[in-house]
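J.: Top line first, the protein sequences correspond to chains V and C.
Quick note on our numbering: the first sequence kicks off at 2 and runs consecutively.
Quick note on our numbering: the second sequence kicks off at 23 and runs consecutively.
There could be a bad hint or two in this list.
Claimed, not checked - Per the computed footprint, the stretches of chain C lying under chain V, defined by three or more beta-carbons under 8 Å from a beta-carbon of chain V, are:
no. : region
1   : 96-105
2   : 130-143
3   : 195-208
4   : 244-251
Quick caveat, the hints were computed from the structure, so don't treat them as lab data.
From the three backbone atoms N, C-alpha and C, an ideal C-beta is built for every residue, glycine too.
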Amino acid sequence: MRQALEGSQAIARAVALCRPGVVAAYPITPQTHIVEGISKLVADGVMDCELVSVESEFSAASVALGAAAAGSRAYTASSSQGIMLMSEVLYNIAGLRVPMVLTCANRAVGAPLSIWNDQQDSMAVRDAGWIQLYCADNQEAVDTTIQAFRIAEATELPVMVCVDGFVLTHTMEPIDLPDQDVVDAFLPPYHFARMLDPARPISLGTLVDPAWFTEARHSHHHALLKALPVIEQVDRDWQAATGRAAGGLLEVIGPADAPTAILCLGSVASTFTEVLEDHPPDDPVKLIKLRAFRPFPAEALRAACIGVKTLIVLERALSPGLGGIVAVEVQAILATVPDAPAVHGFAAGLGGRDMPVELLPDLLAAARAGRPGEFTIADVQLSKLPEEDR
Amino acid sequence: MDAKPTAPGTGSLKAQDYKSDLKPVWCPGCGDFAVLSAITKALAELQVPREDAAVVSGIGCSSRIPAYTSVYGFHSIHGRALPIATGLKAARPDLTVFCAGGDGDGFSIGGNHFIHACRRNVDLTYIVMDNEVYGMTKGQASPTTEPDWTGSKLTPQGPGVAPFQPLEIALSAGANFIARGFSGDPNFVVRLIVEAVRHPGFSLVQVLSPCVTFRPEQRAWKETTHADWAPEAASTDRREAFLRLLDDDGFTTGVLYKGHNPVFAPPHPSSANLADLEKGFAL
Ligand SMILES: Cc1ncc(C[n+]2csc(CCOP(=O)(O)OP(=O)(O)O)c2C)c(N)n1
Ligand code: SF4
């Protein structure tokens with residue numbers, strides 16, 4: 002049913018539709034509304050789930066891990082500092098190959114302290130071995146949340162659903178919430194094969210010596226690569242069930258043969274989709290909306306870049322001392338492609354700085370004037386800084 | 023912040039001199055205003071030169087306090103103020119170190135550090151502004167919240183968990199000075215802080231500090247608190263202090279305990295110069 006919902010409430014409702022057994026959380030802005038929403042659904046009897054309000058994110062991730070290991074469908078959510086505090090557990094969850102879903106309400110990481118949006122938090126744990134999916138709007142957040150449980154359970158990998166804090170979590174949008182029977186058919190009850198079961202005792206998390214560690218890492222890496230077609234298939238199945246796809250691995254918007262492309266993740270893709278509608282047709286530009294960041298859809302990216310001469314990678318995070326995170330990965334993936342596009346890396350929208358529609362023409366101009374391979378913080382206001390920091 | 027000289031022993035510093043020019047962003051009526059004022063008055067009473075005092079906090083409404091003082095301030099990470107203050111004191115034993123924050127910061131996410139700070143017994147004063155709620159994130163239950171408090175959207179049926187007992191835990195874990203105050207009786211809080219600073223080792227001052235926004239009923243603490251632990255009659259015997267806690271309703275204010283547990287001694291004297299410090303790294 003289509004209704005106006007705040008992003009966080011829509012996500013809470015989507016989680017409820019997935020019938021998790023255990024939800025654990027510690028409040029942090031801008032995640033709090035999601036877990037408070039879940040809490041209300043539990044209190045109202047809409048959800049039959051154990052909500053554990055814990056003393057830190059370290060505990061939240063650990064409670065979810067314990068619950069998932071015991072065979073329960075588990076969920077948690079956090080942001081920023083909370084994701085950082087979880088990081089040890091996040092590696093553990095993924096390395097143990099325990100499926101669960103986590104919403105990351107993306108927020109900058111301190112210091113300096115900021116409660117506003119960028120994507121440094123999820124980027125900081127990109128190597129934890131989780132699947133990471135980025136949402137461009139709240140309908141995608143709902144659809145991706147439901148898909149995430151199915152992907153997690155099919156691959157025995159945890160899935161992080163990334164939604165821009167405030168921009169999505171605190172914004173009202175008209176949302177199509179699927180009916181419970183649609184979700185039930187899409188996401189049947191789950192049985193975790195390596196569930197902790199006293200009838201069939203196994204031990205999770207034992208010490209692995211050098212004879213096996215490499216092989217464990219190899220199989221984890223391959224599990225992520227093998228998740229690529231699963232993510233695509235699950236989105237197709239969702240489309241068959243609801244008539245809506247959520248962006249597969251990546252989505253190309255605009256003229257397929259455009260020589261200029263902009264690759265981005267998250268809500269800015271929605272802004273740019275609108276801007277491109279009014280873009281002059283004599284300067285064709287297409288948008289590559291990257292939904293799956295881990296596993297990285299290298300093949301799909303190479304295909305999307307055929308004919309592209311100039312590729313702008315816009316990200317809401319950076320790797321200080323190097324520059325772009327996504328941009329560098331994209332460059333590496335395209336390195337073996339004949340006639341690879343020139344990649345121009347930009348960061349913008351850090352710590353809640355607005356990404357206005359004017360950003361797009363600015364980026365195009367900057368890329369065309371700049372050198373390939375260069376990285377720039379597009380919206381930095383250098384005049385605010387002392388001379389030596391510029 | 024003005025740069026008024028702070029020569030020790032001149033007796034010239036007033037409470038106001040320990041305040042910064044920043045106007046606190048707390049809600050009108052928040053208990054933390056009185057705690058800020060008590061800290062600055064205690065500093066004035068102790069005449070600590072401003073450059074010789076530091077306030078380290080975590081994250082929370084209460085943890086904003088360092089910015090409102092004119093001494094060295096450090097607004098750190100949620101739950102991590104105590105280890106950071108420990109490091110600061112280890113490097114600069116000559117400083118008067120305060121650690122300040124909320125019950126969430128100190129007892130939930132930072133609860134583990136609290137236990138070990140008591141055990142380590144570093145010479146610093148830990149002021150916890152306890153409002154039995156997470157104020158900053160808009161009103162969730164904290165470890166000190168009553169199990170049947172139904173005011174939070176996260177736990178609408180109440181947290182249902184036995185409250186954390188900071189004083190009992192501090193006493194068990196080895197803290198040297200344990201007191202409780204109420205922000206509605208600020209002069210008494212000043213006295214507690216002064217005694218806490220003067221007493222060697224780890225001092226806990228729990229200050230009941232109402233969150234008028236998310237726990238407006240805490241305004242009634244004016245009636246429920248009672249100053250029955252006279253500072254001059256603080257017990258120096260742990261057994262006796264434990265017995266006192268058994269009779270405590272959570273609203274007794276004053277000094278519970280003044281112990282003589284061994285204080286964490288940093289490896290270098292306060293006069294350590296760079297050469298002395300470097301010796302410590304010789305293998
Ligand atoms: C790692 C981490 N998790 C969560 C938060 C969000 N957060 C900020 S302050 C706070 C609790 C504050 O409560 P308390 O310490 O009691 O202070 P008060 O605001 O009541 O003074 C929380 C959960 C955070 N900043 N960092
Ligand atoms: S929310 Fe509560 S603790 Fe925070 S400033 Fe307001 S009254 Fe104080």
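J.: If a hint holds in the structure, say so; if it does not, say that too.
T.: Structure-based check of each hint:
Coverage of the region 96-105 of chain C by chain V holds. Counting CB-CB distances below 8 Å, 4 residues qualify, and the rule asks for three or more. For a cut-off of 8 Å, the count of residues in the region 130-143 of chain C with a CB near a CB of chain V stands at 3, and the three-residue condition holds. Look at the region 195-208 of chain C against chain V: 0 of its residues bring a Cβ nearer than 8 Å to a Cβ of that chain, fewer than three, so the hint is violated. Remark: the region 244-251 of chain C is not confirmed as covered by chain V, as 0 of its residues place a Cβ nearer than 8 Å to a Cβ of that chain, below the required three.
Checked against the numbered hints above, the structure breaks hints 3, 4 and satisfies the rest.
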